[in-house]
Amino acid sequence: MPFTGQPHVRIARPSRDLAAAERFWADGLGLTVLFRADAGREPGTHDLLMVGHPDASWHLELVHGGDHPVEPRPTDEDLLVLYLDGPVAEETVDRLEEHGGKRVVSPNPYWNEWGVTVEDPDGYRLVLCRRGWSNS
1 MPFTGQPHVR IARPSRDLAA AERFWADGLG LTVLFRADAG REPGTHDLLM VGHPDASWHL
61 ELVHGGDHPV EPRPTDEDLL VLYLDGPVAE ETVDRLEEHG GKRVVSPNPY WNEWGVTVED
121 PDGYRLVLCR RGWSNS
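Numbering of the sequence shown is given in this note's numbering, commencing with residue 1 and proceeding in unit increments.
Some hints here could point you the wrong way.
Each pair of labels, with its calculated beta carbon distance range [unchecked claim]:
id : residue 1 : residue 2 : range
1  : His8      : Arg131    : 31 to 41 Å
2  : Pro87     : Ala39     : 33 to 43 Å
3  : Arg131    : Gly66     : 32 to 42 Å
4  : Glu98     : Phe3      : 39 to 49 Å
5  : Val105    : Pro7      : 27 to 37 Å
6  : His8      : Arg36     : 17 to 27 Å
7  : Pro74     : Trp114    : 32 to 42 Å
Derived by calculation from the structure, the hints in this document are not laboratory data. Note that the Cβ used here is the ideal one computed from N, Cα and C, for glycine as well.
Could you put together the complete structure from these sequences and hints?
In structure tokens, the structure reads:
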């Protein structure tokens with residue numbers, strides 16, 4: 001099967017606290033909880049939260065715990081950029097901050113000019129960009 005632009009994209013990240021992550025991504029940004037798994041104490045398993053839009057071709061997977069837990073290690077350039085093709089609503093940024101996010105200045109002036117950068121509770125950065133994007 002040839003590789004095309006049609007595959008679904010999963011962005012997977014470790015999380016310190018899935019409840020805090022859910023408040024930010026679902027309650028703050030408005031994504032839908034697509035799947036959740038509580039591993040309990042079963043060997044080889046971990047707690048999992050998947051958020052996104054049901055009709056999108058991508059989702060965010062957040063993982064916690066397991067036999068070999070991984071601590072989040074985001075950098076200033078670990079970005080999830082959402083191209084809104086319009087203004088960034090201040091109410092959205094306020095809601096993200098009310099749900100555990102922290103508005104930050106990006107070290108890249110491009111994102112400061114064209115959007116708003118908000119750190120999630122694990123320190124990963126979400127950029128809400130007012131520009132549009134197309135691969136075609």
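Outcome of the hint check:
1. His8 to Arg131: 31 to 41 Å: violated, 24 Å
2. Pro87 to Ala39: 33 to 43 Å: Hint holds: Cβ distance 41 Å, inside 33 to 43 Å.
3. Arg131 to Gly66: 32 to 42 Å: holds, 38 Å
4. Glu98 to Phe3: 39 to 49 Å: At 41 Å between Cβs, range holds.
5. Val105 to Pro7: 27 to 37 Å: For Pro7 against Val105, whose Cβ atoms are near 34 Å apart, the range 27 to 37 Å holds.
6. His8 to Arg36: 17 to 27 Å: holds, 18 Å
7. Pro74 to Trp114: 32 to 42 Å: Roughly 21 Å apart at Cβ, these two residues miss the hinted range, so it is violated.
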